[in-house]
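Given next are the chains, with one letter for each unit.
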Amino acid sequence: MKPRIASQYIPLLATAVVLATLYGAGCASFHNFFSLRVLVNLFGGNAVLGVAAVGATLVILAGGIDLSVGSVIGFTSILIATLVEEHHVNPVLAILLGLVLGALFGAAMGCLIQWFELPPFLVTLAGMFLARGLAFVVRPDNLGIHHAFYAERINRDFALPLNSQVSWPFAATCFVTLFVGALWLAHYTRFGRYIYALGGDETSARLMGLPVARTKILTYTVAGLCSALAGVVYTFTTQNGDPAACVGKELEAIAAVVIGGTLLSGGVGYMAGTAMGVLILGLIQTLITYQNLNSWWTVIVVGLLLLLFILLQNVVSSLSGRLDSPGRHG
Amino acid sequence: MRADRFQKQPARWWSSLIWPLTGLALLLLFNLFFTKGFFHLEIRDGHLYGSLVDIINRGAPVMILALGMTLVIATGGVDLSVGAVMAIAGTVAAELINNPKVPFPAVILAALAVAVAAGCWNGLLVTLFRVQPLVATLVLMVGGRGVAQLITNGQQIYFEDPRLVFVGNGHLLGLPFPALLSLGMLLLTAVLTRKTAIGLFIESVGDNQTASAFAGVNARTVKFLVYTFSGLCAGLAGLIDTSNIKSVDANKIGLSLELDAILAVVVGGTALTGGRFYLVGAIVGALFIRTLTTTMYALNVKSDVAPVPKALAIIAVCLLQSPAFRRRVAGWWAARKS
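Protein chains in written order, with numbering that gives the first Met the number 0: chain A, 0 to 329; chain B, 0 to 337.
Looking at chain B on its own, in the form it has when it is part of the complex (with noise of 0.2 Å):
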């Protein structure tokens, strides 16, 4: 019985993604017969234009952010700070970009080293004061955004500096530069998880916190490195995010974000009580809440009402990933057949 599991496992690593990949199918064939020019690309001064190019853009703060939230999530914590950290990280590059005075890559690092400071912190009050990952969080989620207003002062800033556009506007290669980031982020962690020990210990911590202990896990650096990594991710989300409306609003830069990656990485078949983790999952699971946006402003719903489709579509993805819902729905099955 165990050996079967061992076995079976390998084999098909790919056999997680067919229900996100089944899901993003459905949507995209949905469109293919209702909007009209979705699947119309074309190159524009070198440039590749259409919805799809769109949805991967606009996706990319979410896939970024659903990276980190699927490693922290693996560890069986969650991270709701994600949003204020990103407002955090794009309030300190707005304010120091309009300071001639300060070079270009010294205010790429500022923001991000602050959204790495965010997440030590995170991590800090889950491994040493071993606080609940869902209250320790919540302290920044709810204290970070007037952190971020303190330092705008509560003004919206603007700024026009073309190298902090390009990061969430420009292109590279033809490909937007937004999209390149967040594949090259993937890389990054399916590399340093999946070709180092650390995704093994990352699943084990989340799987049987006491047996990796036993095993040697040191579980306290594990958590501490996921909530650091996924402040990191936030930073780079939050660089995107601001840098693509030129301006930022701490009010509003990646409000209610950290749903939005908490739903993509369960889309992705991340399970929130931890344990195995699927990277591309998550990422399969940013785009599908990105295409379901996409469609509803196609179809012209409000995007006030744009939430119903979008709760529905957890409810669904809960219910097929659930085993008691499969358990109930076979043995009702199996009862009419009789």
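One chain only, chain A, in its complex shape (with noise of 0.2 Å):
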């Protein structure tokens, strides 16, 4: 029983092995790096991917995916910019729109893939389009905000000073927040247990008698909502609404995910490989942006990673003895 303990947490294991080092070999590189400020930027610039892969993570822990999330970022973003700015309607309310928005298409589209036993790549598909071209009917061309509410409260009132200089932004606090909650949804509450178990096998959790068609439906719901609070989070660090805003973020979101050590065919993963993974991007951006590199080997690094962990995933399943069907993944 020990070993197979042990080799589930490997994937994460090596997750925060690799963090760490990537830190430490900033730290080593770069005599400014280890700084509250580098430290602050991390959790700051990359909350929009932090709060998207939130969601990305509890969809392909249930066994689906959702590539929808950079098109709905874009919609909420100029969503809230357009009413705000040309409508005259209270930001508060407007955030609020535009997470219940979300959150509806995220419902239906888990409506269509349940209902109608639908494939969730096409379906999510659908919702990419979708969303982005109900993006450019909102507005064709990006907008900036300058309501007081974004000016005076989101970056002024609710950002937290450290010291004299860096100061907590709001965007970070929405992730971490967001972070925490999903950490106890995922993993200490009825809600969490039935997104594994339909994930792990959705005919066992039938005859299990978990409800599946809620629990599947609920989790789309959820990720729309969380992509929805990305764009919000957009709108919070850029002070601007976008329609083109953010295209790929799910491949990122995904990229995040699957670093993160979280099987894309569902049912086993952590919601803080996650953040590692988020984490990790960030730090190569930042590594990459530090050694004066050009922005390709952004993306090629991160395949890399993206290979070295899926074939390390390969290693620990095959050691345990789980997920050995080829006739489901191969």
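Hints are not guaranteed to be accurate.
Between beta-carbon pairs, the in silico distance windows are [claimed, not checked]:
{"#": "1", "chain 1": "A", "residue 1": "H186", "chain 2": "B", "residue 2": "Q155", "range": "21 to 29 Å"}
{"#": "2", "chain 1": "A", "residue 1": "L307", "chain 2": "B", "residue 2": "L108", "range": "43 to 51 Å"}
{"#": "3", "chain 1": "B", "residue 1": "A315", "chain 2": "A", "residue 2": "Q290", "range": "47 to 55 Å"}
Derived coverage of chain B by chain A (criterion: at least 3 residues anywhere in the stretch with Cβ under 8 Å from a Cβ of chain A; other residues may be distant) [what the hints assert, rightly or not]:
{"#": "4", "region": "161-174"}
{"#": "5", "region": "257-265"}
{"#": "6", "region": "292-298"}
{"#": "7", "region": "315-326"}
Note that these hints are calculated values from the structure, not bench results. Note that the coordinates shown come from a computational prediction; the quantities given were computed from them, not determined experimentally. Glycine included, C-beta positions come from ideal geometry on N, C-alpha and C.
Reconstruct the complex from the two isolated chains, following the hints.
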């Protein structure tokens, strides 16, 4: 029994090692890397990705996939910007409306997937096209948000000053709060157990009498909510709404999830891994900027890391005898 | 019951084409009434021109991608990397063509060889390391564009060489070369899969891997071959796309064409779960997508908003092909009648 439990945690451990190594390498190579500012920027600059990746983790744990993330971010950001700047809606109301629409959008995709047994890949692909198109219907170009709520509340009152120069941005607070909430949801609630059971084996989950339909639809709803929240965080960090924002963010989110040790086949993985995966992606970006390398090295390194982790998971799963059914995955 | 199933199928091989063809026909009918000169064909300088020719011409990359994708999806996999492989093949061709020392056949061969190597890489990950296809091809989808930019050093490359320009813009016997190329690829793929046992092997692996393994089908070889073939198709599509605009931008070539290709395959009647596949269906699917895009341009729909009808088309096609949806509608219909 003991080696199995250990092997279960190996991908998570590997993620932690990579994160620590990258951070250590940065601190050793650049004298100003080990600073509060870099650390705060790591959280603040990757808050959008972090929030999106939390939703992606839940969907992937449940055995699905969500390709609509980036488009929903774009849609939510331009919707809020247009409502606040052009229709003078209260920003809090606009944000709430954005979140509700995101959740409804996710729920609609979940219903299509559950009721009509459509492949999640195609339904969320359609969702991606739909949300992106609708974002351009709302407004075809980007729009800055100059409302006092953003300038004074979000970026001044809600930011936590850490010392005279550095302050903890509200976007990072959103990311960390959501992450803690998701940690609780995934590991300490009945809904979280249902998600794991559903992703592990849907037929078994159904035979055990778990509410499969409700869980699946609810998972996509929460994922839609997370995507919309990522859109809200995007407006916080950029003070801008952009219908073309975050194209391909879903891929980054999925990459963060995989690097975090979660299996794309569902049922196996940890929320904490995803948070580390997001920080790893952020660190790679920062290191490549510090190293003055060209931007395309980022995707190459991310690709290589992805490869490393899927090979590692492969070794681990064949060692522990889990997922040893080529018919299902091969 | 079982005998019944076997008897029905050979007689109705075309029945799978009904839905995609209906969709295409409806779109064309719409254009007949609402788009002026849509069916106008003319011969200029011995070349055939017109909206219809343009659809086939511009749709060539997705048609060719869809052929490879059909076989991959038939084995129960998926290839997300084709867009990035197109970018790599395109940059290799553009980089080499500007070097006068390299002969033209070598340029084409090198571009295709790199694409085939990329396909082999995917195949290796899926077969040898048993990585899920979605993840295995995601690696190249994410990293591939970076590699392409590495080749061009982040620069956009332009070229004037008439031989490479011919691939995407030339005419042969009055017909556009890309269209002929995709027709040739369709024939080649059809002959390879339907006149040999490979097609049967592919379908059996996708349908039930365990059963096919007991029947002596080597799933690894079959899968390795289809990913390699998909790489080759992506290389050809990349050459056409690059040649078409006489330049290459590693960030733009083939961007999100993998999604169009998957969509074309699904519209064509091949299920994402694998098994039975329909090559002509995939071609019709690709033409459907291209016609939809052309129609929207003709109606002056902004290109940014164009994804909305596309999304609705995906959902409609998925619903029509979903047994669960048909059951529900049938149940609802019966309840209303009684």
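Hint-by-hint comparison with the structure:
1. A:H186 / B:Q155: 21 to 29 Å: Cβ of A:H186 to Cβ of B:Q155: about 48 Å, so the range 21 to 29 Å is violated.
2. A:L307 / B:L108: 43 to 51 Å: 32 Å, violated
3. B:A315 / A:Q290: 47 to 55 Å: Once the Cβ atoms are compared, 49 Å apart, the range 47 to 55 Å for A:Q290 and B:A315 holds.
4. 161-174: Check failed, 0 qualifying residues.
5. 257-265: holds (count 4)
6. 292-298: violated (count 0)
7. 315-326: Satisfied; 6 residues make the cut.
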